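Sequences listed follow chains G and Z, in order. Here the working numbering is used: position 83 in the first sequence is 131, and no number is missing along the way. Here the working numbering is used: position 85 in the second sequence is 184, and no number is missing along the way.
Derived by calculation from the structure, the hints in this document are not laboratory data. Don't take every hint at face value.
Here are a few chain Z residues that face chain G, going by a calculated C-beta distance under 8 Å [stated by the list, open to error]:
{"hint": "1", "residue": "F102"}
{"hint": "2", "residue": "A133"}
{"hint": "3", "residue": "D155"}
{"hint": "4", "residue": "R171"}
Result set (DSSO-like, lysine-lysine): computed pairs, CA atoms no more than 30 Å apart in a straight line [unchecked claim]:
{"hint": "5", "chain 1": "G", "residue 1": "K86", "chain 2": "G", "residue 2": "K102"}
{"hint": "6", "chain 1": "G", "residue 1": "K208", "chain 2": "Z", "residue 2": "K104"}
{"hint": "7", "chain 1": "G", "residue 1": "K86", "chain 2": "Z", "residue 2": "K104"}
Derived CB-CB ranges, DEER-like [unchecked claim]:
{"hint": "8", "chain 1": "G", "residue 1": "M221", "chain 2": "Z", "residue 2": "F297", "range": "47 to 57 Å"}
{"hint": "9", "chain 1": "G", "residue 1": "P159", "chain 2": "Z", "residue 2": "D106", "range": "18 to 28 Å"}
{"hint": "10", "chain 1": "Z", "residue 1": "S130", "chain 2": "G", "residue 2": "D191", "range": "20 to 30 Å"}
{"hint": "11", "chain 1": "Z", "residue 1": "S231", "chain 2": "G", "residue 2": "Y89", "range": "38 to 48 Å"}
{"hint": "12", "chain 1": "G", "residue 1": "D335", "chain 2": "Z", "residue 2": "D106", "range": "53 to 63 Å"}
{"hint": "13", "chain 1": "G", "residue 1": "R188", "chain 2": "Z", "residue 2": "L219", "range": "56 to 66 Å"}
{"hint": "14", "chain 1": "Z", "residue 1": "R255", "chain 2": "G", "residue 2": "E212", "range": "53 to 63 Å"}
{"hint": "15", "chain 1": "G", "residue 1": "E217", "chain 2": "Z", "residue 2": "G127", "range": "35 to 45 Å"}
{"hint": "16", "chain 1": "G", "residue 1": "N152", "chain 2": "Z", "residue 2": "R105", "range": "40 to 50 Å"}
Only a predicted model underlies this, so the values are computations on that prediction, with no experimental measurement involved. Using N, Cα and C, we set each Cβ at its ideal position, and we do this for glycine too.
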Amino acid sequence: MAGSEAHGPRAVRVTPEDVRRLCEFLYRRTGMLFDDNKRYYIDRRLVERIGATKSESFQAYFAVLRSDADHEIEQLINAFTVNETYFNREEHQLRCMTSDLLGNVIRGKRPGESIRIWSIPCSTGEEPYSIAIWLMENWRLVDSYNIEIVGSDIDTRALKVAAEGIYGERALMRLSRDVIGRYFQPVADGEHQIDPGLRESIQFTRANLIDPSEMARYRGFDIVFCRNVLIYFDDSSRRIAAENLYDCLGAGGYICLGHSETMSRISPLFRVCRFSDAIVYQRPEADHDGR
Amino acid sequence: MPFVKRDVTAPGSTGRRAGDDLAPHDDGLASHIAALGSPDIEVRWSAARALGGRADAVPALAAALGVEQVARVREAIMTALMRVGDEASVMALLPYLRSQDAADRGASIEALQALPGAILPFMAPLLADGDSDVRLLATELARNMPAENATQLLCRLLEHEQHPNVCAAAIDVLAEVGTRDAVPALQACAERFAGTPFLPFAVSIAIARISDTDR
Chain G
49 MAGSEAHGPR AVRVTPEDVR RLCEFLYRRT GMLFDDNKRY YIDRRLVERI
99 GATKSESFQA YFAVLRSDAD HEIEQLINAF TVNETYFNRE EHQLRCMTSD
149 LLGNVIRGKR PGESIRIWSI PCSTGEEPYS IAIWLMENWR LVDSYNIEIV
199 GSDIDTRALK VAAEGIYGER ALMRLSRDVI GRYFQPVADG EHQIDPGLRE
249 SIQFTRANLI DPSEMARYRG FDIVFCRNVL IYFDDSSRRI AAENLYDCLG
299 AGGYICLGHS ETMSRISPLF RVCRFSDAIV YQRPEADHDG R
Chain Z
100 MPFVKRDVTA PGSTGRRAGD DLAPHDDGLA SHIAALGSPD IEVRWSAARA
150 LGGRADAVPA LAAALGVEQV ARVREAIMTA LMRVGDEASV MALLPYLRSQ
200 DAADRGASIE ALQALPGAIL PFMAPLLADG DSDVRLLATE LARNMPAENA
250 TQLLCRLLEH EQHPNVCAAA IDVLAEVGTR DAVPALQACA ERFAGTPFLP
300 FAVSIAIARI SDTDR
């Protein structure tokens, strides 16, 4: 629909300039970048949101969006992103963990010491279980250390699902039959449940990323997976979350964000680390006094 | 299984650091304020974080920001002031718009941008400041304001602003948040800077975007 005008169910007119205005706002606010070849995709979702908010015009909708009335930014981001979570999503970061991050993490540890990995938000558990399975399958030193994996989320209903560890075929689509056979047991209706030993190895807890007192319980993590959540926060919440995450990491610890997120747009506290499989962020080993 | 499970909430189960004893649940204002002057960076960092949102700590946070040398502690102090968000905290952050340190300018802009209501009374003098760098940064503060406020403030600026870069910054913000009430001021600006081609071009883009907006 590039170069034309999109019309929604209530015949709201959306011009190419409106779409550019929206895209610039989205980029500045979330880091999500859409260019002109995505026009049809953008137009459709924009028109849907204009209809859903009963806005009379793009301008009225844009005002709703800017003021974030009824969490419209979250709604719009949801319309533009894949909300479905599944095992081994963004596999390149898991590869980065075993090919680069863990090598650096164990440099300061003796065999038998703890390696602490945190998945926040962990939603219904696919990510922390993916981390565990990936380590079992791909890291030859997996038995040499005590690996602690914690999955946290603000949504206690999601945590309950995570602890049960029952998933449908779609969630498992990125796993081979062999891996499914090794770590899951079939249950009713084509669903599979994570092996009880693995389920009991991962601790699921409630945590709110922007609550400093709640986050003060979590310290000393070597690697944190914090993917696709900061884009939903406003500027001040993002800043508070970044400081909280900094405190939760040990010195030299790493944080992995979602593919559209960059910590450098959020906070100067972290160092950018470019590895062959992913860009991650590191809490520096030491502060540099002076300015 | 190589995995171990521990109670992350149990005392001593995780790597607590200096300053964690000053976690936000400790309500002792005096001890946190005293800790802002500690020689230990972790203690100062934790104190700044613990004082976030506390209006009664603003004078101490402002004073600490004046002497703190460690970048991340400065960042935490600015976040703490941002979380207060009142007039006094805005006044503590505003001087850093003039800082020679780009990190300070950036951090203060971000903190102030998060407080569109609190900075509104300060906007007119900022946009009339004698320093064009301050005026330029102030245009960015309008970006998170309601469209009517941003339009009114930036149009008033465009009516008399002589510095093309300040005008360009204001036009960029108007292109995102302005209403069609800004069109006459934008057109006048384009005419005034006809010899500076990038400005009429920027104006044409802004007008195309906002001319259909509701007033």
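Status of the hints after comparison with the structure:
| no. | hint | verdict |
| --- | --- | --- |
| 1 | F102 | holds, 4 Å |
| 2 | A133 | violated, 19 Å |
| 3 | D155 | violated, 18 Å |
| 4 | R171 | holds, 5 Å |
| 5 | K86/G to K102/G | holds, 24 Å |
| 6 | K208/G to K104/Z | holds, 17 Å |
| 7 | K86/G to K104/Z | violated, 45 Å |
| 8 | M221/G to F297/Z: 47 to 57 Å | holds, 50 Å |
| 9 | P159/G to D106/Z: 18 to 28 Å | holds, 24 Å |
| 10 | S130/Z to D191/G: 20 to 30 Å | violated, 45 Å |
| 11 | S231/Z to Y89/G: 38 to 48 Å | holds, 41 Å |
| 12 | D335/G to D106/Z: 53 to 63 Å | violated, 30 Å |
| 13 | R188/G to L219/Z: 56 to 66 Å | holds, 59 Å |
| 14 | R255/Z to E212/G: 53 to 63 Å | holds, 60 Å |
| 15 | E217/G to G127/Z: 35 to 45 Å | violated, 55 Å |
| 16 | N152/G to R105/Z: 40 to 50 Å | violated, 23 Å |
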